[in-house]
Amino acid sequence: MKISDTFQDRQKTAAAAKARLLAKLADRPAADDPAVIARAEERKAVAESRAARQAERREAEALAEKARLEAAAQKIEADAEAAKAKRNARYAARKLRTGQSS
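In the numbering used here, the protein residues as written are 1 to 102.
Derived by calculation from the structure, the hints in this document are not laboratory data.
Hints may be right or wrong, so weigh each one.
What the hints assert, rightly or not - Under the rule of at most 25 Å between Cα atoms (straight-line distance), these lysine to any residue pairs were calculated in the SDA-like manner:
(1) Lys24 with Pro34
(2) Lys84 with Thr98
(3) Lys95 with Ala85
(4) Lys24 with Ala40
(5) Lys24 with Asp9
(6) Lys18 with Phe7
(7) Lys24 with Val36
(8) Lys86 with Ala67
(9) Lys24 with Ala35
(10) Lys75 with Asn88
(11) Lys24 with Arg10
(12) Lys86 with Ala71
Between the sequences and the hints, there should be enough to build the whole structure, so can you do that?
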């Protein structure tokens, strides 16, 4: 904005800018335009495929988590069995040392 601009000049500039914006919006294709409909359908298909991939990923993660939990449970059970076998071996060794029967 120049110092010599008058109020009318600024008003004309603003009106011209507003007219350019309105012209830009008027050039936009209508909602029932085949190109707009095709783009919307394409976006919908992409969104559906993305949702399907996410569902598959979540299912795979759930299966992996289930397998991990089962493996952890089996390890805990195996550790408990090993501890029990070790304890029984100690008891048997003590019985042999002391000469106790049954």
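We went through each hint and held it up to the structure:
With a C-alpha separation of about 20 Å, the suggested pairing of Lys24 with Pro34 holds against the 25 Å cut-off. Pair hint Lys84 plus Thr98 holds up; C-alpha atoms about 21 Å apart against a cutoff of 25 Å. The suggested pairing of Lys95 with Ala85 holds, with an alpha-carbon distance near 15 Å, which does not exceed 25 Å. Between Lys24 and Ala40 the alpha-carbon distance is near 21 Å, which keeps this suggested pair within the 25 Å criterion.
Taking the CA atoms of Lys24 and Asp9, the gap is about 23 Å. The hint holds against a cut of 25 Å. Restraint check for Lys18 and Phe7: the C-alpha separation of about 16 Å stays at or below 25 Å, so the hint holds. Note on Lys24 and Val36: the hinted pairing holds, with a Cα-Cα distance of about 17 Å set against a maximum of 25 Å. Under the criterion of a C-alpha separation no larger than 25 Å, the hint pairing Lys86 with Ala67 is inconsistent with the structure, at around 28 Å.
Using a Cα cut-off of 25 Å, the hinted pair Lys24 and Ala35 holds, with the two alpha carbons roughly 18 Å apart. At roughly 20 Å between alpha-carbon atoms, Lys75 and Asn88 fall within 25 Å of each other, so this suggested pair holds. Pair hint Lys24 plus Arg10 holds up; C-alpha atoms about 21 Å apart against a cutoff of 25 Å. Taking the CA atoms of Lys86 and Ala71, the gap is about 22 Å. The hint holds against a cut of 25 Å.
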